[in-house]
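Enquirer: Starting from the known structure of chain A, arrange chain B on it as the hints suggest.
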Amino acid sequence: MSGQVKPTSLFINFNDPIYLEIYGFLLTEAALLDGNQFREWTTLLSEELQYIMPVRSTRENFIKSHFSKEMFHFNENYKSMILRVRRMETNYAWAEDPASRARRFITNVRVSRLDDNRFDVKSYILMTRNRLEAVEYQLLSAERCDIIEKTEDGLKLVKREIFADSTIIGMKNLQLFL
Amino acid sequence: MINKTLKETQLSDGTKISDLVDAEKGIISPRIFSDQEIYELEQEKIFSKVWNFVAHETEIPNQGDYVTRFVANDPVIVVREAENKINVLLNVCMHKGMHLCRTDAGNTKNFRCIYHGWTYKSDGTLMGAPAAKEAYKGAFDKNQFKLVNARVERYAGLIFATFNQDAPSLDEYLGDMKWYIDLYFNRTPLGMEVLGEPARWIIKANWKSAADNFASDSYHTVMTHYSGVELGQLPPNPMFASFGVQVAMENGHGIGVIGAPPNIPLPEYLALPQEIVEAAQAKLTEPQLEALRRSNFVPGNVFPNFSLLNVMQLPGLEENEYPIPFMSMRVWQPKGPNEFELLSWFLVEKEAPQEFKEASRDNYIRNFGASGMFEADDAEVWSGIARVTKGVTAKKELKLHYIMGLDAEHEPGNWPGPGKKIAQTTYTEQNSRNFFGYWAKLMSEES
Chain A
1 MSGQVKPTSL FINFNDPIYL EIYGFLLTEA ALLDGNQFRE WTTLLSEELQ YIMPVRSTRE
61 NFIKSHFSKE MFHFNENYKS MILRVRRMET NYAWAEDPAS RARRFITNVR VSRLDDNRFD
121 VKSYILMTRN RLEAVEYQLL SAERCDIIEK TEDGLKLVKR EIFADSTIIG MKNLQLFL
Chain B
1001 MINKTLKETQ LSDGTKISDL VDAEKGIISP RIFSDQEIYE LEQEKIFSKV WNFVAHETEI
1061 PNQGDYVTRF VANDPVIVVR EAENKINVLL NVCMHKGMHL CRTDAGNTKN FRCIYHGWTY
1121 KSDGTLMGAP AAKEAYKGAF DKNQFKLVNA RVERYAGLIF ATFNQDAPSL DEYLGDMKWY
1181 IDLYFNRTPL GMEVLGEPAR WIIKANWKSA ADNFASDSYH TVMTHYSGVE LGQLPPNPMF
1241 ASFGVQVAME NGHGIGVIGA PPNIPLPEYL ALPQEIVEAA QAKLTEPQLE ALRRSNFVPG
1301 NVFPNFSLLN VMQLPGLEEN EYPIPFMSMR VWQPKGPNEF ELLSWFLVEK EAPQEFKEAS
1361 RDNYIRNFGA SGMFEADDAE VWSGIARVTK GVTAKKELKL HYIMGLDAEH EPGNWPGPGK
1421 KIAQTTYTEQ NSRNFFGYWA KLMSEES
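Chains as they are written, first to last, in the numbering used here: chain A, 1 to 178; chain B, 1001 to 1447.
Simulated from the structure, these hints should not be mistaken for lab results. Ideal placement from N, C-alpha and C gives every residue a C-beta, glycine not left out. All clues stand as given, with none of them false.
Here chain A is said to cover these stretches of chain B; the calculated rule only asks that three of the stretch's residues, wherever they fall, bring their Cβ under 8 angstroms from a Cβ of chain A:
#1 1104 to 1112
#2 1191 to 1197
#3 1200 to 1211
#4 1368 to 1375
Estimated spans, in silico, between C-beta atoms of each pair:
#5 A:153 <-> B:1062: 47 to 53 angstroms
#6 A:62 <-> B:1096: 23 to 29 angstroms
#7 A:153 <-> B:1319: 23 to 29 angstroms
#8 B:1282 <-> A:58: 39 to 45 angstroms
#9 A:58 <-> B:1131: 29 to 35 angstroms
#10 A:130 <-> B:1099: 30 to 36 angstroms
So that you can see chain A by itself, here it is in the shape it has in the complex:
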């Protein structure tokens, strides 16, 4: 289950340059997504990408598997993310045309080193979403567990698992990326 912190995990210090570089990467990513710059966003994705958001359900506390191992809101690879981005680039993606005004607030970033080039990165996301004439904002909060790789071409997202806090998604679609 997500959110479980191993007492032995050694996080990279918050003032370490690599921590700041990774934090900056997450903020750049959020800015591109908030600006609906999907094609630019895909340049931050590794071609090995795994992008997963499991379905969550409420269970008794003694059961640890709140997240489905078989059903997902997203279960994507690089090619399927490109397909989703291509859809947003058509003039017929009605669900996001007119587009939402979404803002992704990224906090609680923790980084630990997996090997020379790969980092385990955990963060919280709070996404606010407004659309059309709505006065109420839709919210989605989640923990993201990422693997980010340092390449010659800069940092790349290799894996993202999104663990939402709600069992019922409180919005009519997930035609945006977290």
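Expert: Relative to chain A, chain B alone:
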């Protein structure tokens, strides 16, 4: 609020249901999509009267497995008491009305209320209460406090429930729809299984917009889902979703079976893997096999709010790819006149190779489900209807037109399946008229 002295149901302003729906002519007032009073009446006169789909048997395979769901607007526990015994219990403690089981799913021997500890067996029988003898001084007859049990009947792995003791059997209620349920939910010897949990999300729209869409609306495909044409997932011919049959059945059920356009070969049998087709050949009747052979895109609705979608689709990921079929079922659970919760399940044949199960599931997730590219555009339409049909003029003056196919001949042709009305095209609103006709009939009846 409701005037019960008159024969036909009247709303508080004197409007009758027959003023709002003329199903024969296909004329419908948008008020039925946006009115609080109509929403409340639907709970009483429709959802509390007919069979509600609650779960698939494979969601609760073992003794003690349970899921929590709804029958009308009442929360229920669907629990497997024994290998061949499934109970549906009102999820309310008989003592002071506490929410008995507060989780979505699990496995348990019994349900214990956290208020005073009243504990029930999986058939709803009260096993006991703490210090009952002392506290109640012998005046405690636990036999009086069995949880309210719904009637439960099953067909093809689907579990239905109702609290209406007068409802006809599920068999009678489903009628001709059983033939199609065999075809799309239970076509192989081992049957289908649900993978994982249902995805659940909220759409601010009326549940009937979704049910009508699945029962009857193939015509929207090329416009609403035009991004799929741009991505090469759908053909650009605006008639492509019309080549098939639409079948209206008794009790408001409806299905559309869309096949290949003339002279354009599409894979037969929904592009299912060969071993699944062979397994189906061992199970289905000849006419059912012929209907499955001609199936490429199949939406349908079991009245009132249980829909199915069995379609094949190009994944859109590679140059020369083959369509991958997937099967989803969903409940449009009303939460008010302008809101429903969508529960969407993915199903696959138990016999299918693991690789196919995963490929089929992933194609489903990309196109339907909360992040689905097709699903999102449908939800955009349904919520748009809800936004603009609340006004005084819309409710009083506007009439909507479900008239397509009114003049069409209804010859069954060579269609091998049963039905009340069979149209030789899926560009018709025959099933809408059938759906809203049965809706109006139930809504008009005095209880």
